[in-house]
Amino acid sequence: MALTLEDLAQRFGGDIVGDANVRVGGLAPLDQANAQQLAFLANPKYLSQVETTRAGAVLIAPADLAKLGSREGRNFIVTPNPYAYFARVAQLFIDLAAPKAPAGVHPSAIVDPLAQVAASAVIGPHVVIEAGAVIGERVRLDANVVVGRGTRIEEDAHLYPNVTVYYGCKIGPRAIVHSGAVIGSDGFGFAPDFVGEGDARTGTWVKIPQVGGVTIGPDVEIGASTTIDRGAMADTVIEECVKIDNQVQIGHNCRVGAYTVIAGCAGIAGSTTIGRHCMIGGAVGIAGHVTLADHVIVTAKSGVSKSLLKPGMYTSAFPAVSHLEWNKSAALVRHLDKMRERIKALEATVAERASGGE
Amino acid sequence: MALTLEDLAQRFGGDIVGDANVRVGGLAPLDQANAQQLAFLANPKYLSQVETTRAGAVLIAPADLAKLGSREGRNFIVTPNPYAYFARVAQLFIDLAAPKAPAGVHPSAIVDPLAQVAASAVIGPHVVIEAGAVIGERVRLDANVVVGRGTRIEEDAHLYPNVTVYYGCKIGPRAIVHSGAVIGSDGFGFAPDFVGEGDARTGTWVKIPQVGGVTIGPDVEIGASTTIDRGAMADTVIEECVKIDNQVQIGHNCRVGAYTVIAGCAGIAGSTTIGRHCMIGGAVGIAGHVTLADHVIVTAKSGVSKSLLKPGMYTSAFPAVSHLEWNKSAALVRHLDKMRERIKALEATVAERASGGE
Amino acid sequence: MALTLEDLAQRFGGDIVGDANVRVGGLAPLDQANAQQLAFLANPKYLSQVETTRAGAVLIAPADLAKLGSREGRNFIVTPNPYAYFARVAQLFIDLAAPKAPAGVHPSAIVDPLAQVAASAVIGPHVVIEAGAVIGERVRLDANVVVGRGTRIEEDAHLYPNVTVYYGCKIGPRAIVHSGAVIGSDGFGFAPDFVGEGDARTGTWVKIPQVGGVTIGPDVEIGASTTIDRGAMADTVIEECVKIDNQVQIGHNCRVGAYTVIAGCAGIAGSTTIGRHCMIGGAVGIAGHVTLADHVIVTAKSGVSKSLLKPGMYTSAFPAVSHLEWNKSAALVRHLDKMRERIKALEATVAERASGGE
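Protein chains in written order, with the working numbering: chain F, 1 to 358; chain G, 1001 to 1358; chain X, 2001 to 2358.
What the hints contain is simulated information worked out from the structure, not anything from laboratory work.
Be aware that one or more of the hints could be misleading.
Selected chain X positions facing chain G (in silico; Cβ < 8 Å) [claimed, not checked]:
hint, residue
1, His2126
2, Asn2144
3, Asn2162
4, Gly2180
5, Lys2243
6, Gly2264
7, Ala2283
8, Ala2317
9, Pro2319
10, Val2333
11, Leu2336
12, Asp2337
13, Arg2340
14, Glu2347
Just so you know, even glycine gets a beta-carbon here, dropped at the ideal spot from N, CA and C.
Make the full structure from the sequences, and use the hints.
If you want it as structure tokens, here you go:
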């Protein structure tokens, strides 16, 4: 399964410097690679390793190649982004090596006669596909996946075991959904129907029907145990190439803009719009009905309660320090208004004395 | 499937003003509704739309109706809570339109001969029901649901795909449990059995058996991927009409009072009691062994470490601001005690000078 | 199923004081136990209950036994850790009472012919075991569990319903994994391949293949809906006897040291190393690429952004207070640098006056 540099350049671009017919069959770090392996230089501080590596070839950026003393006897694929190139080649070798699951429907799967499944799709054991669902070309549904009524899973999407997609949703081409994720559960909406106050309060919560769906764009990845609720009326929308980590919660009628990345354990309340190219840190919480501009970065563990309409980095998290130190100082946050008043009083006294006494 | 205003008033109450025989077949906003649709006025600021709407009828509160110029040629159902009325009617139309799953047990489901399943229940594909479990009238268990030994699922409850309920639990009538939720997993309890300190510490954690169950009351809704642990000895209890969002964690032996609402990503440690009619915001954390009074509100992202014995709103969260601004100021929290001492010293100096110098 | 004190001492150690032939068939608190039950004294403040209990025998520490007035007619098992002893005996009675699931593979399970399943294993309904997987002696895989290609589940491990373990992972002996947990999902890694800034930014995220696995040590317990990602190259590692609560997220290439305990809703970003015997509180967030020493304690809701290289307790969380009080004071955190400057200015003024004016 070794490929020539020429083969790689034809697939992924880049200029070859050296012998285009050199064959590589895998990837390795510069200091560990052998003559049958491809290495890459992503960080210029390892440039000296390029001079001593035994790798069959090296992925390198033009600026770094220019700094090299001698290229004698070495082979390169020159590309502006060696790290992304590495990722693509690594995936290619995995795809070439992986046992291909044969197309078709496992006999233990339950597919409604009114569902439509492409012949090239791979439907695993115990999968359930309800009426009206459409499963595209080369889709992989792993064991125990459930696809609800009328839901579309588009070409080349891959749903790992135990994923649930409710009715009336759409998963875009090449999307990846990891195990335990739930797409299309009911949004959290209840109308209060109570009378009286305090202990005299009686009545109930009335469920607001959630009849929108979820639309997931192309090339989205959704982490394990992440949940994305269906909209109340219109759809919840995740645009193309959004990458969402594990244990993330996205409320009904949110829209997440293309290329945005959301790290693990973040939670986004309903009807919030997040722009394109945003980065939402781990365990960030974002209130409902707010808007984040394109290119907003929220650092880990911060809370967003209002719209952030300008690009930039936002924070509200404290880093842990010694418990004793924290308890001595942080408790005073509750009394900051009193500290401010004491400063104001001091300023007044000192000013008065200055004007009156001299 | 159109219904007259008379039909609706008979089901849901309200007084009809206008033609009781007008038929409506769906709902729409005031400014979009047509003559076959019902609209509603929940917010008085849209009152003028009632004068121009083409809706067949409008749900309206008595006070708002009184403010209307002319009712000429218009039809109303007058009700104190048009929003809750809307929600109930919307659910009715959905129920009338939805394809009814036929009662019975899907042939791929595995039902233990010692389990008891009502004839009107709908048991989906690949469901597993263990010995001694009892499934009530009209219960819906969707694909891949697992119900453990001796667990009761009471009438009209609906468990979405991939829900797991462990043994010895009870789910009340009309409860809704969304996909990925886990009810009755072991509480987190271990007895330390270690000797020695620091690097010399040896021994192990001994699991405390968790032999209580979980009792979920009537009309409870539980979100996707929410987890509720079984009690150590007595049950973990979720009282009637509690509404729990996605990704919430409730520890062993908690009790959550009736009508309380818990937003997504909240976590409640073991043996904590939450009162009735509380509102727990998203990503709130509540320590173990504390008590929250009835009518307590905790705002999103706050942490509760002690009992809150009075009704009211509680907070400990900071909203995100520009990263630079935050770093300049928030880092000083660690030194608040020193700032307080400097203020105290200044006060002493100024006071001494005042008494000594003038 | 009653056992003599002698039987218990032979299994679990301890010295018998009194009649070794007394039989007990269960456990109960001191004030509720009858003559056929075993009670335990874990907290010395209940010592007086030992004098009045009707329990058949009492688990007690040597120091507490010494304080007792009379042992006349009473029976004891004396052990340094009565609570841990209680937990072990409780588990024993449960194991004796529980209906043993018969060994074997349920006919609805799908086991690849190239997988290897021990004859003593209990494989539940709708379980899926892929090629090359190895299931050890007495392993229990409950309903709907999915075990990927080449994954090993070692002896006496118990995976509850709806657990997913991806390919190429290892679960150690006696491990317990609760429902909804996902082991071995892809780590969250993407190479940015963009050009241009702001609105002119074009390109995409390139997925970094995640080809490491997850190694879970012996006696680990993993809570419901917890997710542990596979490593990018090397494995993510959870060492022996680590106890992890529900809804925890552990990123790729983390290592969690032996005997460490992680409470619910905690999140640990990738490539972080946590020492042995640590305690990570509920909803704690830990950044990627940091190191926590052995014996580090992080209190609930705190955030860790840097390495903590000394044992001890660390904190960054605020407890909730009245919303009004919080809003009045906490908002000032954003202006702490200005408060500090005002104090500095006051100090300068006062000092100048002291030296110049008197």
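Item checked: Hint check, failures only -> Per hint list: zero violations.
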